[in-house]
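Asks: Assemble the complex: chain A is given as a structure, and chains B and C with the ligands must be docked to it using the hints.
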Amino acid sequence: MNVHSRALEETRSIFDRALRDESELTAGATIAPGRQYGFFTDTTLCIGCKACEVACKEWNLLPSESAGLTGMSYDNTRDLSAYTWRHVEFIEKIADGNGRATDMAPFQSNWLMMSDVCKHCGNAPCLEACPTGSIFRTEFDTVVVQQDICNGCGYCVPACPFAVIDVDPYDGKAHKCTLCYDRLKGGLEPACSKACPTDSIQFGEYSDLVERARQRVADLHDRGVETAYLYGAPGTAGATGDLDRLNAFFLLIDRPEVYNLPEAPDRPSNRVRPSLVSGLATVSSLAFAAALIFARR
Amino acid sequence: MPSLGASFGRGAATLAQWDLANSDCILVMGSNMAENHPIAFRFVMEAKQRGATIMHADPRFTRTSALVDIYAPVRAGTDIAFLGGIIRYVLENDLWFEEYALAYTNLSTIIDPEFRDTSDLDGMFSGWEPDKQHYATGSWQYEGMLMPSSLTEHYLDTAESFGKETKILHERPPPRDPALQHPNCVYQILRRHYAAYTPEMVEQVTGCPRETFLKVADALARNSGRERTSAICYAVGWTHHSTGVQIIRAAAVLQGLLGNIGRPGAGILALRGHTSIQGSTDIPTLYNMLPSYIPQPHAFRPQGSLQDYLEIEQVPTGWWHNFPKYFVSLLRAWYRDHGTKDNDWGYNWLPKIVGDHSQLPMTLAMKDRLIRGLFLMAQNPVIGGSNSELVEEGLGNLEWLVVRDIAEIDSASFWYKGNLIKSGKRRPQDIGTEVFLMPGSLAGEKAGTFTNTHRLVQWHDAVVTAPGDARSELWFVYHLGKRLKALYRDSTAEKDKPIQSINLDYPVQGDRQEPDAEAVLQEINGYTIADRNQLGGVNDIQADGSTACGSWIYTGVYPRNDHNQARSRCPDGPDGPGTHLGWAFAWPMNRRTLYNRASADPAGKPWSERKRLVWWDEEKKRWIGTDSIDFEEEKRPDYQPDWDSCPGGTDAIGGADPFIMMPDGRSALFVTSGLKEGPLPSHYEPLESPVPNQFYAQQSSPTAKTWERDGNRLHDVGDPEHPYVLTTYRLTEHHSGGTPTRFVPTTAELQPEGFAEIPPELAAELGIQNRDWVVLSTKRGSVETRALVTNRLRPFTIAGRRIYQIGMPWHFGWAGYATGDIANVLTAVVGDPNTSMHENKALTCSLRKGRLRQEAHA
Amino acid sequence: MTEVTADRQTTSLTLPPRGAGRLQPATGHLPPAPPPGVDITYYGTPSLKASPWKWHVGAYLFVAGVSGAAQVLSLVAGMVRGRKARSVVRNGRYMGLAGSLIGAPLLIADLHTPDRWYNMLRIFRSTSPMSIGSYLLTAFGAFSGVSALGQFVSDMGWRKRAARRVAWAAHVPAAAAGAGMSVYTASLLSATSSPLWAAATRLLAIRFGSSAIASGAAALSLAERARGDRDGNARRLDAVAFLATISSLVATMAANRRYRAYGVDSPLRDEPAIAAKNKLGASAVGQALPLACYGAAAVSKRDRPDLSAVASLAVIAGSYFLRSGIIHAGMASSERPADALRFARRPSVARGNGSARIEHWIARHD
Ligand SMILES: Nc1nc2c(c(=O)[nH]1)N[C@H]1C(S)=C(S)[C@@H](COP(=O)(O)OP(=O)(O)OC[C@H]3O[C@@H](n4cnc5c(=O)[nH]c(N)nc54)[C@H](O)[C@@H]3O)O[C@H]1N2
Ligand SMILES: Nc1nc2c(c(=O)[nH]1)N[C@H]1C(S)=C(S)[C@@H](COP(=O)(O)OP(=O)(O)OC[C@H]3O[C@@H](n4cnc5c(=O)[nH]c(N)nc54)[C@H](O)[C@@H]3O)O[C@H]1N2
Ligand code: SF4
Ligand code: SF4
Ligand code: SF4
Ligand code: SF4
Ligand code: SF4
Ligand SMILES: [Mo]
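First to last, the sequence lines map onto chains A, B and C. Using this note's numbering, read the first sequence as starting at 1 and increasing by one per residue. Using this note's numbering, read the second sequence as starting at 298 and increasing by one per residue. Using this note's numbering, read the third sequence as starting at 1156 and increasing by one per residue.
Just chain A, with the same shape it has in the complex (with noise of 0.2 angstroms):
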């Protein structure tokens, strides 16, 4: 069993204030401004338990959406949404008939399991679109959207690669998953992370988390595990056109599509500029042209 050396100093089973940079002990993270957080999840030790999905609706306090049992495996969730910041996938690969493997690769396998969550993108578009500014990048270079500043206006609902954020209906505003900002300025890591039990939700500073993670990525390939990649971290698939990095990013064993996520995404913003010069040029040429038939006599 992991303990932190910080552990010997806190035996005291009551606490009468909080404890000092708690994530230190929970996730070996110190958490600091002007540095950069994020989630390394390894779905390889992923065991579906949906702990980080029912620890983050508790601790940003979110409704349930429940439309009824989907029969897509055990994901009862269908998508991230603006009440649901984590969500569990399921998919079932397991052979028909005969073939129904007892042999399998080490960790996960078969059954492959994935908490989603909004990927903190580098170069957000979500944030990139944003007319308000409602969306903004954090100290702990972390993607967060300012409710009392969003006016609805829905732009980074289409302007997202990973279908995450959305606009909720009721209140009117733009939702998805801070980082929990707040509990990070308290010196927390993550509900959701905080939660998982086999640590396949890993939080830390993104430079430890992509090292641990090509280290991992190593590891399950000397294991005999070859379809073992990064998705999302620099220079992978994921984070690609642009993007730079995703400061969530994942260890995945099959193709991105079998997650519901995008082989390449791009940077809609990188479409402005084109859009913009041919649209202009369109409208000039014709301008142009209506001078030239106004002056013929």
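Just so you know, not all the hints are guaranteed correct.
[Claimed, not checked] Calculated lysine-lysine pairs in the BS3-like style (CA-CA distance at most 25 angstroms, straight line):
#	chain 1	residue 1	chain 2	residue 2
1	B	Lys1076	B	Lys1146
2	A	Lys173	A	Lys185
3	C	Lys1209	A	Lys173
4	B	Lys512	A	Lys93
[Unchecked claim] Here are some of the chain C residues that sit facing chain A, going by a computed Cβ distance under 8 angstroms:
#	residue
5	Ala1264
6	Leu1266
7	Met1285
[To be verified] To be clear about the criterion: a stretch of chain B counts as covered by chain A if any three or more of its residues have a C-beta under 8 angstroms from a C-beta of chain A, and this derived list gives those stretches:
#	segment
8	861-871
9	1040-1050
10	1087-1097
No lab work stands behind these hints, which were simulated from the structure alone. Glycine included, C-beta positions come from ideal geometry on N, C-alpha and C.
Replies: Chains B and C with the ligands in isolation, oriented as in the chain A frame:
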């Protein structure tokens, strides 16, 4: 639990959850560990990270299966065939850990010549008494010696006086043949017993492909021995069978042979249920036990006085020889100053039992109006009890019902929302039960302890005040007791003495007059009566009435007046030994790994550096190590009892006999007494099975309890109307009867409706699509639910027939947000002979597409 | 009970991590893509979210296009034809004002928190067409307002000269903003992750720009016709509309080819409402019909006010259907995971080496 008790001495997990991280191989079987014990599963993942082989054997491919290296599909109810197959594999290929098993188990002990095995009698052991429908255990004993059980009940039903025959234990060790040649030594009996459990038979009976089975057997064998250890984790996938106790016994035999008890990363981890279910067997909510595994006196046994009782319950040798100390101190705690030496410390005020008063027969007694009133404190039997409609009928025949819970649970609203009401079998106006719904407080609203699955007693404070009238159980029982005492204060009738004498002197706190839970824990730990000093350890408990102790195995949890060890939170540091002795308290005496003397060889040296835990230090002349020693600390490894002096208690246990609770100090591969269905596990089909027993003529366990009557009929073997195997189980997303999860929106939405898991092959046969409505039926009742068609269930070929299994989570009911029909409408009231545990993991049923209630179409 | 002593701290059972020091850390490789024709989705649930826009946005895009273009064309006409285009200039200015007066409330009405509309002007964000558009609309509204006010004052005959000067001075920036208004809406759609909006960025801008000019010209033409086209402006405007419609048609055909190549054209094909808007509304009504009318008028060698009016109305309607049709097609496209995920595999992005790869990829999938 009796199974582990009978095999090793204590009915509890032998290792700490976190010790699984030290395992080289882990078999999870009869448990869906990742789903139901996710925190414990964390340590399985840690072992995996360190390179361990992880295996899961289950009828369904579950979230646990997804994380393992080998998944072995097995037909529900065939675990003994599977484990028996491994035992045979290990014995026939000489893969067992010879030095360990020879020294620490009863492998070489010679059994009575009259003994006949199931392999001789086609599924029966010697001693069957058809008229009494039970076994006489005389022929199961060690040759010339009557062995009392290490279980709660030491009482043995024999012709002669119990005392006399067992006194031989003072005189000599059991007869043994270390060369293992004697035809009746346990080794030879085992080999004969399991000779038929070949890989081919395993495949034919369990449905598990032979190669897969062999891989599991091989992994366990390869990862056991001096340098390596393997652990087995189980839960109710094993216990919920008419043969549940014997399945666990098979694991105990296997782990004994492989040397996997009492060592790091080794053992049998019983994954218990509710947060403190271990606590509720230690300080039991069971009808037949007093705290710390002391048997409840029985009216029909020669236990009329304290002397009689002690006479037949005190065993001559082993730790249980201390029995009188523990029992007298318990009486002292309960009756305090009312108890005196002259009135047997109040022994006769204890209620006596007369038979099986467990939940299942109680349900029938309610139906028959023998029981008139019921307290339901934190239980939801309409959902969790077998044969739910029968439970409804029982509850509906009561005069009064007190439900203490956190919501109006299904068992409180049955009289107007129940199945019988829905189906029109009963009308609310005809049900006379007066229901009192009393709000209970939840864990965070009250102080107390949880005893977790590995006996770790952890204190928790109240962190919020319970809302409104919600009160703790402690409050309720205490004030109920006080009021009863006030009502009976002036009575002179002898029958009212128990109420008048019971000690309820606990300090109360605050406006609500909440009893101080720490004071209760202090009493549980025990104290000296004279100057009220806390007892430091079990050795301080006395038989002379000078000490009071509420539960002797917990002594040490509150060892000083100012120190509550359950509250301690000192983990080991990153470089520490990892036993975390400073973190809370594990009974007994803070031992994390039970029987840890076995982690050293007979000479007291660790079996290997890699797997050392405790060892004999010749300089210090004592045992040392990283765990609290589960042995007499200064008993030399070469100590031999001096038989001439008629040693008793632990003096009769040698320095190389690690199982101090056992009369012979060794783990019992062959169990002589205490278990009702025989000394060795044999495969019996579940009481309801689609196929005949392929091993023996005896179809199912002859000792299993059945209560066949109208409304509780069983299906015949191979009943064509009920051709499918049905198993019931849990989902991570819900908790048991569902109150804590079905009533809470954030968890209710995760599994919002009931369903049944159906293999695609069967669905195709019956034209069932995913999410279709289907109806499942048994002779007990019918339910409608949604189909979840999934490859995670597979058809089996058993005895040349294709057998389909269906799975149905049993959490759902009509109350709360997440609803669905109750799986237990389908199950029957049947029971394991030792524990009366139901068989809800393996029954047969029918399945069709469609709906049950037409009106529901609208 | 054993006390915790120092020598207990000696053993620990940690093993060296597997593979330590043997392999270089890696990020791994993506498993191979499924063969063409095989789509992987997650139970068919969308991999993108459609914008939560209501009908107002389509209407706004249309109004912005017509009024912006009208402002541009009226300026050009005024500058080139002088007094002969006086009525065009006047109508253009009023249309500009009307466009802002209708457009702004439409846009605000679409907000889910309309009372916070002004937060749009809290910041400027060049990456956000929505932000760019807010300022364009603000500028357009302000200058169109001033210009229309000047026009009105001069029409009323008060302080004619000053008013005219003011009107002209404001008309120039209003037209500049109008140019932006008529096309930024294409970037509003393209700068999202919706496959259909993103797939043909430049072509969409050309289509929007062309159809805006066509509809602006058509609107101005209708207004001239209403007064009998005394100055011959309508004829010229019809010619502009004709040219712009041709441009729009060519761009539409190219865009459709691109959609097909990327495999994101399915909503245009199989969702009846969307197909109707695009094929019937935008193409048949908005392009084929006016081109036929203009063609017929040209063939008939004389002024045909009837044909011109029909063509103008068709062009205007087509401009609305084009925008509304594309909006809905894009929203539907977002909700088609097979399309979206396939689109997100396009090698230009996946490997980051530009349009050469796109062509190769298109060739493979065409
Ligand atoms: N999330 C969650 N956790 C829980 C609970 C809960 O309700 N929800 N309940 C708690 C309680 S009270 C308990 S007792 C424990 C129970 O914990 P578990 O024993 O893990 O619970 P189950 O899901 O009932 O059964 C476990 C598995 O046994 C399998 N099984 C059925 N029949 C057989 C068989 O014949 N042989 C074998 N090998 N396997 C079989 C089932 O397919 C199932 O996967 O969990 C505790 N933890
Ligand atoms: N078919 C089938 N049947 C089964 C099983 C199976 O696997 N299959 N499993 C069996 C097993 S292992 C078990 S343990 C039983 C469980 O059966 P039950 O014990 O009946 O189930 P629970 O739903 O856990 O009931 C506990 C109740 O206590 C309430 N409660 C929780 N905390 C408190 C508290 O602090 N105070 C008070 N007053 N109330 C509280 C909860 O709200 C809940 O209503 O079901 C058994 N039934
Ligand atoms: S994933 Fe979507 S919502 Fe999250 S930061 Fe990226 S663009 Fe924004
Ligand atoms: S909906 Fe809110 S957060 Fe999203 S882009 Fe508009 S203003 Fe920004
Ligand atoms: S980081 Fe916080 S807000 Fe985001 S998913 Fe986790 S718990 Fe929810
Ligand atoms: S809490 Fe962790 S293990 Fe559980 S579903 Fe979420 S990511 Fe997976
Ligand atoms: S629900 Fe509670 S008891 Fe069960 S695993 Fe989670 S933390 Fe442990
Ligand atoms: Mo349980």
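Asks: State for each hint whether it applies.
Replies: Hints, verified against the model:
1. The hinted pair formed by lysine 1076 of chain B and lysine 1146 of chain B meets the criterion: a straight-line CA distance of about 18 angstroms does not exceed 25 angstroms.
2. Between the alpha carbons of lysine 173 of chain A and lysine 185 of chain A the distance comes to roughly 23 angstroms, so the proposed pair stays at or under 25 angstroms and holds.
3. Our distance criterion of 25 angstroms between C-alpha atoms is met by lysine 1209 of chain C and lysine 173 of chain A, whose separation comes to about 15 angstroms.
4. With a CA separation close to 22 angstroms, the supplied pair lysine 512 of chain B and lysine 93 of chain A stays within the 25 angstroms bound.
5. A hinted interface residue such as alanine 1264 of chain C counts as satisfied when its beta carbon comes closer than 8 angstroms to some beta carbon of chain A; here the least separation is about 11 angstroms, so the hint is violated.
6. At its closest, the beta carbon of leucine 1266 of chain C sits 5 angstroms from a beta carbon of chain A; the interface hint therefore holds under the 8 angstroms criterion.
7. Because the smallest distance between the Cβ of methionine 1285 of chain C and any Cβ of chain A comes to about 4 angstroms, under 8 angstroms, the interface hint for this residue holds.
8. Only residues whose beta carbon comes within less than 8 angstroms of a beta carbon in chain A count, and the segment 861-871 of chain B has 8; three or more means the coverage holds.
9. Figure legend: the segment 1040-1050 of chain B, annotated as covered by chain A; annotation consistent (9 residues with Cβ-Cβ distances under 8 angstroms, at least 3 required).
10. With 4 residues having a Cβ less than 8 angstroms from any Cβ of chain A, the segment 1087-1097 of chain B passes the three-residue criterion, so the hint holds.
Violated hints amount to a single one, hint 5; each of the other numbered hints is respected by the structure.
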